[in-house]
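**Student:** In case you want the letters, here they are:
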Amino acid sequence: MTEWEYHPAPDLDETLAEHLRNFPRQPYMLLFAIRSLAALLLRAWMRVYHRLSVDGRENLPSTGSFILVCNHTSHLDTLCMLCSVPLRQIHRVFPAAAADYFFSSLPRSAVSAILINALPFDRQVKGAESLTVCSELLRNDGNVLIIFPEGTRTTSGEMGRFRSGIGRLVAGTDLPVVPCHLAGGVRAWPKGKFLPRPRKLSLRIGAPRRYGNLDKSSDGVREVCADLHDAVSRLGSNSS
Amino acid sequence: MTLDAALQNDIVLTYLLIIATALGVAGLALAILTALGKNVGPIWRTYRGWLVMVPIVLAAVLLGRTAFIIGVALLAILGFKEYARATGLYEDWWMTGLVYLGIVLLATASHVQDPRLGHDGWYGLFMALPAYVIGAILLVPIFRNESKGQLQRIALAIVGFMYFGWMFSHLGFLANAQYAYGYILYLLFAVEINDVAAFTCGKICGKHKLRENISPKKTLEGAIGALVISLGLAWALSFSFPHFAWWEVLLAGLIVGIGGQLGDLVISYIKRDIGIKDMGALIKGHGGILDRVDSMIFVAPIFFHVVRWLHGLREVPVS
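For the record, the sequence lines run as chains A and B.
First residue of the first sequence? That's 1 in the working numbering, and the numbers climb one at a time after it.
First residue of the second sequence? That's 1 in the working numbering, and the numbers climb one at a time after it.
Hints listed in this document are in silico derivations from the structure and should not be mistaken for laboratory results.
In this text, a Cβ means the ideal position worked out from N, Cα and C, and glycines have one as well.
There's no promise every hint is true.
To be verified - Residues from chain B that face chain A, not an exhaustive set, calculated with beta carbons under 8 Å:
{"hint": "1", "residue": "K81"}
{"hint": "2", "residue": "T96"}
{"hint": "3", "residue": "G97"}
{"hint": "4", "residue": "L98"}
{"hint": "5", "residue": "A128"}
{"hint": "6", "residue": "A131"}
{"hint": "7", "residue": "Y132"}
{"hint": "8", "residue": "I142"}
{"hint": "9", "residue": "F143"}
{"hint": "10", "residue": "R144"}
{"hint": "11", "residue": "S147"}
{"hint": "12", "residue": "K148"}
{"hint": "13", "residue": "Q152"}
{"hint": "14", "residue": "G280"}
{"hint": "15", "residue": "L282"}
As the list claims (entries may be wrong) - Taking lysine to aspartate or glutamate and the EDC-like style, the derived pairs with C-alpha atoms no more than 16 Å apart in a straight line are:
{"hint": "16", "chain 1": "B", "residue 1": "K284", "chain 2": "A", "residue 2": "E5"}
{"hint": "17", "chain 1": "A", "residue 1": "K126", "chain 2": "A", "residue 2": "D100"}
{"hint": "18", "chain 1": "A", "residue 1": "K216", "chain 2": "A", "residue 2": "E150"}
{"hint": "19", "chain 1": "B", "residue 1": "K209", "chain 2": "B", "residue 2": "E221"}
{"hint": "20", "chain 1": "A", "residue 1": "K216", "chain 2": "A", "residue 2": "D227"}
{"hint": "21", "chain 1": "B", "residue 1": "K277", "chain 2": "A", "residue 2": "E14"}
{"hint": "22", "chain 1": "B", "residue 1": "K277", "chain 2": "A", "residue 2": "D11"}
{"hint": "23", "chain 1": "B", "residue 1": "K284", "chain 2": "A", "residue 2": "E18"}
{"hint": "24", "chain 1": "B", "residue 1": "K217", "chain 2": "B", "residue 2": "D195"}
{"hint": "25", "chain 1": "B", "residue 1": "K148", "chain 2": "A", "residue 2": "E5"}
{"hint": "26", "chain 1": "A", "residue 1": "K200", "chain 2": "A", "residue 2": "E18"}
{"hint": "27", "chain 1": "A", "residue 1": "K191", "chain 2": "A", "residue 2": "E158"}
{"hint": "28", "chain 1": "B", "residue 1": "K203", "chain 2": "B", "residue 2": "E221"}
{"hint": "29", "chain 1": "B", "residue 1": "K217", "chain 2": "B", "residue 2": "D120"}
{"hint": "30", "chain 1": "B", "residue 1": "K207", "chain 2": "B", "residue 2": "E221"}
{"hint": "31", "chain 1": "A", "residue 1": "K191", "chain 2": "A", "residue 2": "E150"}
{"hint": "32", "chain 1": "B", "residue 1": "K284", "chain 2": "A", "residue 2": "E158"}
{"hint": "33", "chain 1": "B", "residue 1": "K277", "chain 2": "A", "residue 2": "D13"}
Required output: the full structure, derived from the provided sequences and hints.
**Tutor:** Following this line, the structure appears as structure tokens:
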């Protein structure tokens, strides 16, 4: 008799903390089941507690990978974005989350990795490495990356400047970038408050944009950032 | 089993005292060894692992029957998950899904009332479930219309369900026994002491290999030492089962002393065949969940059926 061949999971020797923090993650059934249940509950909560409305779902590309960019007003932004994509796609949606905050402790890592499916983004030391991880993720068909190009939540309600990461990621590529604008986030969950308030949230999704005509020079990167900033702002001004 | 009943139960209170003392003495001994300059770093890690695990396990026992059955089911699910990750079965969602479902059904059978007899725990369903779950697993290739490599997947799934699911879930079903606290706390404590005893005796006087092709570090002296200590421990903890005759106490010690080491060896040859050292790294200083509960998997069903055969789970007169 020939011996059986076993193919142990590549993350078998990882501790729980490493398991949660390392990316990409293995497709475990239990993980998917918990996340699907969490996504269902999240949708119900956003619909009832925040009366979330989503306009422009038809702008989401139905095939291929794409990026969602949005203004960053509160922690609710990510949750609203997750609610905007079809439930069957939820395990292929990866919000880029600041590794120094969302993966700083075991409980936060567990919520970020298991429930949110966040991609740990190092915004301090290994930003370029994190962008490479994002590029590789988007090379596979059907993945969705959520990015908040401001890099941090606004405290004033005004949208900040877009950092260069999004430009470096998409300039010279044919990846669709979908601009989104969320209104109501600052009032619903201001920075520094422990719990969200029952305020209305409105998410508008714009038409996808592509930047294959631009190169990855600093001018090209700046142009991408300016164009996306403008697109998100216009969605915001149209909704108000 | 309820929280109030647990806190008024002499057996529970005695075990709490014993466990707290054991942890305190072990911590003190490690602190002294550290102060003497001995290298006990890895043992400290293992000890810290105990400090996390013991309160969780005790909480599950103290909170009552439901919490304990759920706790055992969660351990079985996480244990099977480790096994599925180690063997590669995790990629087959149908097989793993059926095993998870089977474990949930085992927990349900352990918890619900027997519809004919009216008492907690549906023993007939618990015993019949393997037939249904194995039947369902065998049907998967037919539904998928696939044959290549299916026998390996089916075999892995059936072993996973029977060993990590069904055999281990006997521990949860014990929560329905009249002497649940005594049985469960004895098994939890004695099995772990048996593990520690095998390790310690092997370290101190181990010369002859027990099964060198399966686990090269285990020794015959360690196994005998653990068996002797388990027999002594059963006698010392005989207050856990006041209705047992002297030879039944001895039998309880034998089950733990032999079954515990057999369970350890089973996981060892599974790991060796796969070519891995630990089943996971979830518990610092201990490895995976299966590395911690391996001995219990063999002990729980043997103890359960011996006790049920000798006394029944409920018919014991209160002494």
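**Student:** Quick check on the hint: L98/B CB to chain A CB, less than 8 Å?
**Tutor:** Cβ of L98/B sits 11 Å from chain A, so the hint is violated.
**Student:** Tell me if the straight-line CA distance from K216/A to E150/A falls inside 16 Å.
**Tutor:** violated, 19 Å
**Student:** Under the criterion that the straight-line Cα-Cα distance not exceed 16 Å, is the pair K200/A, E18/A satisfied?
**Tutor:** Between K200/A and E18/A the Cα gap is close to 37 Å, so the pair fails against 16 Å, i.e. violated.
**Student:** A closest beta-carbon separation below 8 Å is what the hint needs, so does T96/B meet it against chain A?
**Tutor:** Interface hint status for T96/B: holds (5 Å vs cutoff 8 Å).
**Student:** Less than 8 Å between beta-carbons is the criterion; does G280/B satisfy it with respect to chain A?
**Tutor:** holds, 7 Å
**Student:** Need the status of pair K277/B, D11/A: alpha-carbon distance at most 16 Å?
**Tutor:** holds, 14 Å
**Student:** Is it true that the CA of K284/B sits at most 16 Å from the CA of E158/A?
**Tutor:** violated, 46 Å
**Student:** Does the structure keep K191/A and E158/A at a Cα separation of 16 Å or less?
**Tutor:** The given pair, whose Cα atoms are some 13 Å apart, holds under the 16 Å limit.
**Student:** Against chain A, is A131/B within 8 Å by beta-carbon distance?
**Tutor:** violated, 24 Å
**Student:** If you take the shortest Cβ to Cβ gap from K81/B to chain A, is it below 8 Å?
**Tutor:** This interface hint holds because 6 Å falls under the 8 Å limit.
**Student:** Tell me if the straight-line CA distance from K207/B to E221/B falls inside 16 Å.
**Tutor:** This hinted pair holds, its Cα atoms lying about 7 Å apart.
**Student:** Check whether the Cα positions of K216/A and D227/A lie no farther apart than 16 Å.
**Tutor:** OK: K216/A and D227/A at ~15 Å, within 16 Å.
Going down the numbered hints, you'll see the structure goes against 4, 5, 6, 7, 8, 9, 10, 11, 12, 16, 18, 26, 29 and 32, while the others check out.
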